[in-house]
Structures are given as structure tokens and as C-alpha cells.
Amino acid sequence: QKEVEQNSGPLSVPEGAIASLNCTYSDRVSQSFFWYRQYSGKSPELIMSIYSNGDKEDGRFTAQLNKASQYVSLLIRDSQPSDSATYLCAVNIPNSGYALNFGKGTSLLVTP
Amino acid sequence: ETGVTQTPRHLVMGMTNKKSLKCEQHLGHNAMYWYKQSAKKPLELMFVYNFKEQTENNSVPSRFSPECPNSSHLFLHLHTLQPEDSALYLCASSQDLRGRDEQYFGPGTRLTVT
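One line per chain: the protein sequences are A and B, in this order. Going letter by letter, the first sequence gives residues 5 to 116 in the working numbering. Going letter by letter, the second sequence gives residues 10 to 123 in the working numbering.
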């Protein structure tokens with residue numbers, strides 16, 4: 005079973021700081037990568053997708069992908085208490101192009 | 010959140026009961042999914058449908074029975090469940106089954122089996 009690994013946290017950052025969330029994956033041929041945010045008791049909400057090496061920015065969020073290192077990260081600039089949630093990394097399973105492997109998620113706490 | 014709806018939001022059932030979970034997507038997507046989310050475990054893919062046809066059954070016990078009458082509706086029929094089946098059941102949809110198609114989740118049904 006190919007895996008997606010995330011540090012469970014909690015990762016605690018002060019309000020206004022940059023939060024850095026990391027994810028590694030084991031299947032070298034994976035091509036599509038997604039970050040979801042999940043508030044306690046709620047369902048996952050798609051934040052960003054990334055498919056090519058490098059950075060992709062959307063507002064306060066930046067996704068970074070390094071396929072050679074099998075590493076994908078999510079940076080949250082100017083972190084707000086409302087960003088406190090669990091962040092899930094998902095990686096497509098190449099043999100079935102659509103299916104996703106999810107990590108267990110990293111819990112982020114932004115303190116005022 | 011209104012793009013994919015699920016009912017009921019909460020369900021408590023005994024091990025001998027039969028119940029059904031319903032999912033409806035209003036996004037014009039062709040693919041729909043059932044996932045299970047248990048405490049301390051990653052999301053587990055259960056079933057995948059594309060244009061009403063099942064394309065994936067991820068070794069799910071037969072006490073879970075999916076039904077997809079059309080591309081907008083998906084059901085999960087439950088019978089003789091076990092307490093370990095208690096979890097959050099999530100429905101998702103995507104435009105198609107291409108690797109880059111983003112999946113959007115419904116609010117989930119919190120199931121408790123007593």
C-alpha cells in the first residue's frame with residue numbers, strides 16, 4: 005500500500021506567522037496532489053491542487069511540489085485563528101488515475 | 010458545501026437495522042465516491058461510480074451496498090452493521106475520473122452503530 009505521510013501535530017503558530025505543513029508520498033509516479041482543510045466535525049474542503057514542480061500561489065496559500073524528493077508542502081501566510089483545522093494531503097494513485105490516497109492530516113493551531 | 014448534499018447528517022442504528030445514506034451533487038459532475046473516515050485513520054475510499062457505473066469496490070464488506078441510479082444521486086445501503094462501522098461517511102464528486110479532477114465532498118453522515 006503506497007503511503008502518504010504527514011506529521012500529526014499539533015503544529016502551533018502565532019497569529020500572523022507563516023504555517024508550514026509538509027507531506028511526503030511513496031509512489032514516485034504520482035502526478036496529482038491536493039490539500040484539503042477539515043474543521044472539527046466537518047467534511048474536507050479543497051484548498052489547492054498542484055501538478056507541476058514548483059510553487060503555486062492562491063491568496064494566502066502556497067503549495068510547493070518537489071517530485072524528485074516526493075515532497076509536497078502547504079504554506080499559509082499571515083495565519084489567522086480561523087485557519088486552525090486539520091490539513092489533509094491527498095495524492096492520486098497512478099494505476100487508477102482518479103483514486104486518492106490521503107494522509108492522516110496535520111492539526112494546525114493558530115494562537116491569537 | 011451546497012454543491013454536494015448528504016442526508017441524514019446523523020444516524021444511530023442497531024446492528025440488525027437496515028438504513029440508507031443519500032448523496033446528491035448539483036455540480037454537473039459525472040463521478041461520485043463514497044469514503045469512510047474513522048478516528049485516527051486516513052480517509053478510506055469505498056466505492057467509485059462514473060456515469061452510473063461502478064468502477065471501484067475497494068474490498069468493502071457486503072453489508073455496505075451502493076446504488077447509483079444516475080450521475081447526480083448516490084446511495085449507500087446499510088444492513089447488519091458492526092459497531093466498528095461507526096464513522097463519518099463522506100460522499101464526493103468530481104467532473105470525471107481523470108487524475109487531475111478535483112474531488113468535492115459533502116458534509117458527511119455521522120453513523121453510530123449500537
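Derived from the structure by calculation, the hints contain no laboratory data. Predicted model, so just to flag it, every value in this text is computed and none were measured. You may find that some hints are simply not true.
What the hints assert, rightly or not - DSSO-like mimics (lysine-lysine), calculated; alpha carbons at most 30 Å apart, straight line:
no. : chain 1 : residue 1 : chain 2 : residue 2
1   : A       : 46        : B       : 50
2   : B       : 28        : A       : 60
3   : A       : 108       : B       : 50
4   : A       : 71        : B       : 49
5   : B       : 49        : B       : 28
6   : B       : 31        : A       : 71
7   : B       : 28        : B       : 50
8   : A       : 60        : B       : 61
9   : B       : 27        : B       : 49
10  : B       : 28        : A       : 71
11  : B       : 28        : A       : 46
12  : A       : 60        : B       : 27
13  : A       : 108       : B       : 31
14  : B       : 50        : A       : 71
15  : A       : 60        : B       : 31
16  : B       : 49        : A       : 108
17  : B       : 27        : A       : 71
18  : A       : 46        : B       : 27
19  : A       : 71        : B       : 61
20  : B       : 27        : B       : 45
Verification of the supplied hints:
Distance check on the hinted pair: residue 46 of chain A and residue 50 of chain B sit about 16 Å apart at the alpha-carbon level, within 30 Å; holds. Between residue 28 of chain B and residue 60 of chain A the alpha-carbon distance is near 43 Å, which puts this suggested pair outside the 30 Å criterion. The hinted pair formed by residue 108 of chain A and residue 50 of chain B meets the criterion: a straight-line CA distance of about 6 Å does not exceed 30 Å. Proposed proximity of residue 71 of chain A and residue 49 of chain B is supported: the alpha carbons are some 27 Å apart, at most 30 Å.
For the suggested pair residue 49 of chain B and residue 28 of chain B, the alpha carbons sit about 25 Å apart, so the restraint of at most 30 Å is met. Between the alpha carbons of residue 31 of chain B and residue 71 of chain A the distance comes to roughly 38 Å, so the proposed pair goes past 30 Å and is violated. At most 30 Å may separate the alpha-carbon atoms for a hinted pair to count; residue 28 of chain B and residue 50 of chain B meet this at roughly 24 Å. With a C-alpha separation of about 34 Å, the suggested pairing of residue 60 of chain A with residue 61 of chain B is violated against the 30 Å cut-off.
Between the alpha carbons of residue 27 of chain B and residue 49 of chain B the distance comes to roughly 27 Å, so the proposed pair stays at or under 30 Å and holds. Under the criterion of a C-alpha separation no larger than 30 Å, the hint pairing residue 28 of chain B with residue 71 of chain A is inconsistent with the structure, at around 44 Å. Between the alpha carbons of residue 28 of chain B and residue 46 of chain A the distance comes to roughly 22 Å, so the proposed pair stays at or under 30 Å and holds. Note on residue 60 of chain A and residue 27 of chain B: the hinted pairing is violated, with a Cα-Cα distance of about 46 Å set against a maximum of 30 Å.
Between residue 108 of chain A and residue 31 of chain B the CA atoms are separated by roughly 26 Å; this keeps the pair inside 30 Å, and the hint holds. This hinted pair checks out: residue 50 of chain B and residue 71 of chain A have alpha carbons roughly 25 Å apart, not beyond 30 Å. Between residue 60 of chain A and residue 31 of chain B, the direct Cα distance comes to roughly 36 Å. Violation of the 30 Å bound is thereby established for this hinted pair. Restraint check: the Cα-Cα separation between residue 49 of chain B and residue 108 of chain A comes to about 7 Å, which is no more than 30 Å; the hinted pair holds.
With a C-alpha separation of about 46 Å, the suggested pair residue 27 of chain B and residue 71 of chain A falls outside the 30 Å cut-off, and the hint is violated. Distance check on the hinted pair: residue 46 of chain A and residue 27 of chain B sit about 25 Å apart at the alpha-carbon level, within 30 Å; holds. Proposed proximity of residue 71 of chain A and residue 61 of chain B is contradicted: the alpha carbons are some 34 Å apart, above 30 Å. For the hint linking residue 27 of chain B to residue 45 of chain B, the alpha-carbon distance of about 18 Å falls within 30 Å, and the restraint holds.
The structure fails to meet hints 2, 6, 8, 10, 12, 15, 17 and 19 from the earlier list, while all remaining hints are met.
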